[in-house]
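Engineer: What follows is the residue order along each chain.
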Amino acid sequence: MSLDLLIYAVGAVASLMSVVAVYLALVERDLVKAVIYSAIQSVFYSLLFYLFMSPDIVLVYLPVAGGVLPALLLVLISKTERFERE
Amino acid sequence: MKRVVSLAVLVTIVLGMSLLLALSGQSFYPSENLRWLAIVYLNTTYNPYLPDFTVRSPESVTAIVWDYRGLDTLYETTVFYLAIIAGLALGRGVKRLNQKPTDESGLSPIVKTVTKITGPMILAVAASIGLHGHLTPGGGFQGGATAAVVPVVFIVVFSSFYLLWKGVSSQRMLTLRSAGLIGIGLTSISLFLAGLLLGLPSYVFQNIAKAGSPLSMPYDVHGALLSGTLWWFNLFEFLAVSSGFTLAFIILMTPEAEEKW
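Note that the protein sequences, when read in sequence, are chains L and S.
Per the working numbering, residue -3 is the first one in the first sequence, and the count goes up by one each step.
Per the working numbering, residue 203 is the first one in the second sequence, and the count goes up by one each step.
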């Protein structure tokens, strides 16, 4: 029972922190920092996927959302502008 | 100050939702009670006593992805193929620079040394995820996406031209990717062709012998499980996905020789 409670607690904290990361990514004007916040949110989501007992999704979500997608977005940012305008 | 207040409001809302989640946690987290469909899959995924129904793979997710619903996955691979083709079409006709990378280009020697050590380790983990996909969680796409992180890191840490000078060119990646896709196609029709040659009934995308068709892919080699077509599909999908992502990043990250506009 205590292990179940621990899993629920870790899941609740991970979902909480992922929402905070999403909020920070939305309000951030520096797009490079926004991409990093988005990657942090992905890491919390992969932790949640692991707790939901889907290790296959973790293995595809972690490299794609934590490695490939931020790299792609950073390349796009380097070709345009770094700061969001009003 | 305004941001702190809005963050506090947000955290309060989320804490309330988390409390709700904790109260109704049973419905969100997987429980011990399985639906009958899951029971059918778990009972047949590795079951030598049901030779007409089993996939002979202890990993039920890969069995579902490449056997029970293998045709869906084939078309997912086709969608990925078309996406990369569209990326290539965007970069057509653009001349790209090709300079020799020097020791000064890229990041500091500490980062370079660490990358030289961790790069092969990431590749080893990716190969393990991809080629053990029929035994443990993972599979061709997962392994390929993990392996695609290595060229991205190398381009960032060394320079855009490092991979090109080491022989990882976009032409070679395109060839490797086509080889992977041809391999997936050949694997899917291999038993059908064998059935035609031997004069026995067989199906496209057949893996293990079914009722009415005695043909079956070799599912183990001296006791080491291959799970019929699953290992081959994972191998070729690994090649196609890793080279496809690498190709996209080489196209995106290599500077253009001159501005056209």
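Check each hint, because a few of them may be wrong.
For lysine-lysine, the following DSS-like pairs were computed, each having C-alpha atoms within a straight-line distance of at most 30 Å [as the list claims (entries may be wrong)]:
| hint | chain 1 | residue 1 | chain 2 | residue 2 |
| --- | --- | --- | --- | --- |
| 1 | S | Lys412 | L | Lys75 |
| 2 | L | Lys75 | S | Lys314 |
| 3 | S | Lys318 | S | Lys302 |
These aren't lab readings, by the way, just hints derived from the structure by calculation.
Engineer: What are the numbers of the hints the structure violates, in ascending order?
Structural biologist: 1
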